[in-house]
Structure formats: C-alpha cells, structure tokens
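Enquirer: As a plain string of letters, each chain reads:
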Amino acid sequence: MISFATAAPAVSAAFLASLVEVVEAFTIVLATGTLRGWRAAIAGTAAALAVLVVIVVALGPLLDRVPVHWLKLIIGTLLLLFGMGWLRKAVLRAAGIIALHDENAAFAAETVKLSDAATPGRAAFDWLGGVVAFKAVLLEGLEVVFIVIAVGAGRGLLLPASLGALAACIVVLVIGAIVHRPLARVPENTLKFAVGVILSAFGVFWTGEGLGIAWPGEDLMILFFGGAFLVVGLCAAQIVRRATGALTP
Amino acid sequence: MSVLRELASELCKMFVGDAWLTAGILIIVSLTACLVGYRVAPPLIGGAILFLGCCVVLVASVARSARGFRVRRQGRP
Numbered sequence: 013m014i015s016f017a018t019a020a021p022a023v024s025a026a027f028l029a030s031l032v033e034v035v036e037a038f039t040i041v042l043a044t045g046t047l048r049g050w051r052a053a054i055a056g057t058a059a060a061l062a063v064l065v066v067i068v069v070a071l072g073p074l075l076d077r078v079p080v081h082w083l084k085l086i087i088g089t090l091l092l093l094f095g096m097g098w099l100r101k102a103v104l105r106a107a108g109i110i111a112l113h114d115e116n117a118a119f120a121a122e123t124v125k126l127s128d129a130a131t132p133g134r135a136a137f138d139w140l141g142g143v144v145a146f147k148a149v150l151l152e153g154l155e156v157v158f159i160v161i162a163v164g165a166g167r168g169l170l171l172p173a174s175l176g177a178l179a180a181c182i183v184v185l186v187i188g189a190i191v192h193r194p195l196a197r198v199p200e201n202t203l204k205f206a207v208g209v210i211l212s213a214f215g216v217f218w219t220g221e222g223l224g225i226a227w228p229g230e231d232l233m234i235l236f237f238g239g240a241f242l243v244v245g246l247c248a249a250q251i252v253r254r255a256t257g258a259l260t261p
Numbered sequence: 004m005s006v007l008r009e010l011a012s013e014l015c016k017m018f019v020g021d022a023w024l025t026a027g028i029l030i031i032v033s034l035t036a037c038l039v040g041y042r043v044a045p046p047l048i049g050g051a052i053l054f055l056g057c058c059v060v061l062v063a064s065v066a067r068s069a070r071g072f073r074v075r076r077q078g079r080p
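Residue numbers (the working numbering), protein chains in the order written: chain A, 13 to 261; chain B, 4 to 80.
Please keep in mind that the hints were generated in silico from the structure rather than gathered at the bench. Certain hints may be false.
Unchecked claim - Derived Cβ-Cβ restraints for the label pairs, each shown as a range: (1) A:ALA189 to B:LEU55: 44 to 52 angstroms; (2) B:ILE30 to A:VAL124: 22 to 30 angstroms; (3) B:PRO45 to A:ILE110: 39 to 47 angstroms; (4) A:ALA62 to B:TRP23: 46 to 54 angstroms; (5) A:LEU232 to B:PRO45: 18 to 26 angstroms; (6) A:LEU232 to B:GLY40: 22 to 30 angstroms; (7) A:ASP114 to B:TYR41: 17 to 25 angstroms; (8) B:LEU34 to A:ALA62: 15 to 23 angstroms; (9) B:ALA44 to A:VAL124: 49 to 57 angstroms; (10) B:GLU13 to A:GLY229: 36 to 44 angstroms; (11) A:VAL124 to B:PRO45: 53 to 61 angstroms; (12) A:ILE251 to B:TYR41: 31 to 39 angstroms; (13) B:GLU13 to A:VAL243: 26 to 34 angstroms; (14) B:GLY40 to A:ASP76: 32 to 40 angstroms.
Nothing here was measured: the structure is a model prediction, and the numbers come from that model. Glycine is no exception: its CB is placed at the ideal position from the N, C-alpha and C atoms.
All chains, full assembly: derive it from the sequences and hints.
Expert: So, in structure tokens, the structure goes:
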C-alpha cells in the first residue's frame with residue numbers, strides 16, 4: 013500500500029507539470045478547431061494520443077529491465093536537465109529578462125499561421141489542421157509522459173503519477189469546454205516555477221540515490237531540496253531584477 | 004519528414020534548453036560520480052557537492068543570461 017506522504021510529491025509534480033503542458037496543447041487545438049474545423053483538430057489529437065499510448069506501452073516493459081540504480085541515475089540526470097531548465101526560464105521570466113508566456117498571444121499567433129493557409133472544401137479532410145493538432149498534442153504529451161515516468165518510475169509510483177497527469181487533463185478539458193477560449197488566466201510562470209523546483213528536487217534526489225548516496229531522512233530530503241531550490245530561485249530572480257532594473261510585466 | 008525533424012528538435016530542446024546549463028549539470032553529476040565511485044569523498048559529501056553544485060550552476064546560468072540582456076540593452080541606440 014502506497015502512503016499519501018510517499019505518493020503526494022509525485023502526484024502533485026505530475027499534476028502541476030501536466031497542467032502547464034495541457035494548457036499549451038489546448039490553446040493550439042482550440043485555435044485549430046476554431047479555424048480549420050473540429051474534425052481535423054479531434055483527429056489530430058486522437059492520433060497523437062494513440063502514438064503516446066504506443067510509446068508508453070513500448071517503454072513500460074523496458075523500464076523494468078533497467079537495473080534500479082541505473083534507472084534512478086539516468087532519470088535523475090534527465091530530471092535535473094529538464095527541471096532546472098524550467099526553473100532557469102521561470103527565474104528569468106520572474107526577473108523580467110524574458111517575456112511571460114501568454115496563451116492569448118500564442119492563440120493569436122497560431123490563428124494567423126492557420127488563417128494564412130488555404131482551407132480545403134467542406135468534404136475534404138483538413139490535413140494541415142490535423143497535423144498542427146497532432147504535433148501540439150504529441151510534443152506536450154511527450155513531456156507529460158517523461159514527467160510521469162521520471163517522478164513515478166523510481167519508487168513504483170507510476171500509477172499515482174499517471175492519475176495526477178490525468179486529473180490535470182480533465183481539469184483543463186472541463187474548464188476549456190466551459191470557457192471555450194485560451195486559458196490565459198492560469199498563472200503559468202508561477203506553475204512553471206513550482207514545477208521546476210519540484211523536478212529539480214526530484215532530480216538531485218534520484219541522481220544521488222543512483223550514485224549510491226543514502227540521503228538522511230530519505231524522502232524528506234526531497235522537501236528540503238525543493239525548499240532550498242525555491243529560496244535560491246526567488247533570491248536569484250530578485251537580485252537579477254534589481255541588477256538589470258528590468259520591469260516585471 | 005519535417006514533422007519528425009521538428010519533433011526531434013523539440014525533444015532535444017526539452018533537455019538542452021541552455022547549453023551552458025546542460026554542460027554545468029553534466030559536469031557536476033560526473034564529478035559527483037567520480038568522487039563517490041572512486042571513494043575519494045564520503046557519499047554524503049558527494050551528495051552535498053551534487054546539490055550545491057546544481058544551485059551554483061543555476062545561479063551562474065541565470066546571471067549569464069541577465070548579463071547578456073544588460074549588454075544587449077546597453078548596446079541599443
């Protein structure tokens with residue numbers, strides 16, 4: 013039986029990270045559906061989900077064959093690369109060095125791109141719309157798959173992590189279906205900051221375990237690493253903002 | 004084919020957003036692996052180096068990007 017304390021960090025990391033990714037994919041699918049028709053958008057989304065299922069089914073058994081300490085080391089290092097990349101970008105956004113991600117702007121840009129292309133006749137299938145939706149869902153979905161595997165595989169928490177990701181998909185789809193426009197009010201940079209902190213903390217923890225380091229306090233060290241990365245990230249954003257005099261948008 | 008190329012490039016970007024940050028993390032992980040693997044340092048010291056090294060790499064990468072931003076802004080007419 014998996015305890016709540018063990019599963020909570022993996023579930024929350026998978027939920028928050030998936031929330032960000034699904035919001036981004038939703039914006040593009042919404043633009044595609046609105047401009048090119050829902051048949052192409054839904055077909056592209058379904059095809060991407062099918063590819064993702066195939067990847068998960070193919071990768072799942074392979075993971076069982078990798079020795080646990082190698083799995084932890086590889087996943088830990090990948091998590092560090094991925095999580096610290098997110099954290100770095102979130103710090104730079106918080107400091108006003110790079111622009112905040114704007115779902116309305118992303119929707120508008122996608123709309124312009126899709127409007128420029130010729131629309132096929134009513135009966136013909138809109139391949140452009142299908143491919144755009146396919147690419148968006150596949151790319152964001154791959155990140156979700158990686159995050160779920162990364163936070164779940166090391167401790168047999170794949171199912172709780174997958175449920176966290178699924179919950180994020182349901183939340184975005186339900187809200188998206190109700191408001192029927194880009195979810196621009198989601199505090200994306202705050203979420204990315206939080207996810208970067210959590211993934212970096214998991215990364216240090218798994219990498220250390222993979223290298224044979226027995227962390228004192230075991231899983232509690234993830235909280236310590238998370239807290240420390242949060243403080244370092246916030247201080248770095250504050251110092252850089254003051255030093256550059258950049259305005260936070 | 005272009006879809007596959009774009010996918011590969013996006014996948015690469017997932018882990019190599021900033022080459023300097025990526026190189027720094029890989030150096031820290033390799034250094035820790037050497038220190039712990041060859042028993043040069045006790046595992047916990049290796050762990051501390053791993054964690055603190057990652058923090059230093061993060062701050063250095065942010066500072067580097069901020070410096071680039073400042074230089075670009077000062078260079079503007």
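Enquirer: Hint by hint, say whether it matches the structure.
Expert: So, going through the hints one by one against the coordinates:
With their beta carbons about 46 angstroms apart, ALA189 (chain A) and LEU55 (chain B) fall inside the hinted range of 44 to 52 angstroms. Between ILE30 (chain B) and VAL124 (chain A) the C-beta distance comes to about 42 angstroms, which lies outside the given range of 22 to 30 angstroms. Our hint of 39 to 47 angstroms for PRO45 (chain B) and ILE110 (chain A) holds, since their Cβ atoms are close to 40 angstroms apart. At about 38 angstroms, the CB distance of ALA62 (chain A) to TRP23 (chain B) disagrees with the hint of 46 to 54 angstroms.
With their beta carbons about 20 angstroms apart, LEU232 (chain A) and PRO45 (chain B) fall inside the hinted range of 18 to 26 angstroms. For LEU232 (chain A) paired with GLY40 (chain B), a C-beta distance near 26 angstroms keeps the hint of 22 to 30 angstroms intact. For the hinted restraint 17 to 25 angstroms between ASP114 (chain A) and TYR41 (chain B), the CB-CB distance of approximately 49 angstroms leaves it violated. For LEU34 (chain B) and ALA62 (chain A), the Cβ-Cβ distance of about 42 angstroms falls outside the hinted range of 15 to 23 angstroms, so the restraint is violated.
Between ALA44 (chain B) and VAL124 (chain A) the beta carbon distance is about 56 angstroms. The supplied range of 49 to 57 angstroms therefore holds. Look at GLU13 (chain B) against GLY229 (chain A): about 37 angstroms separates their beta carbons, and that is inside 36 to 44 angstroms. A beta carbon spacing of about 58 angstroms between VAL124 (chain A) and PRO45 (chain B) agrees with the range 53 to 61 angstroms that was offered as a hint. Between ILE251 (chain A) and TYR41 (chain B) the C-beta distance comes to about 36 angstroms, which sits within the given range of 31 to 39 angstroms.
For the pair GLU13 (chain B) and VAL243 (chain A), the beta carbons lie near 31 angstroms from each other, so the given range of 26 to 34 angstroms is met. Distance hint for GLY40 (chain B) and ASP76 (chain A): a CB-CB separation of about 25 angstroms, inconsistent with the stated range 32 to 40 angstroms.
In this structure, the hints that do not hold are numbers 2, 4, 7, 8 and 14, in rising order.
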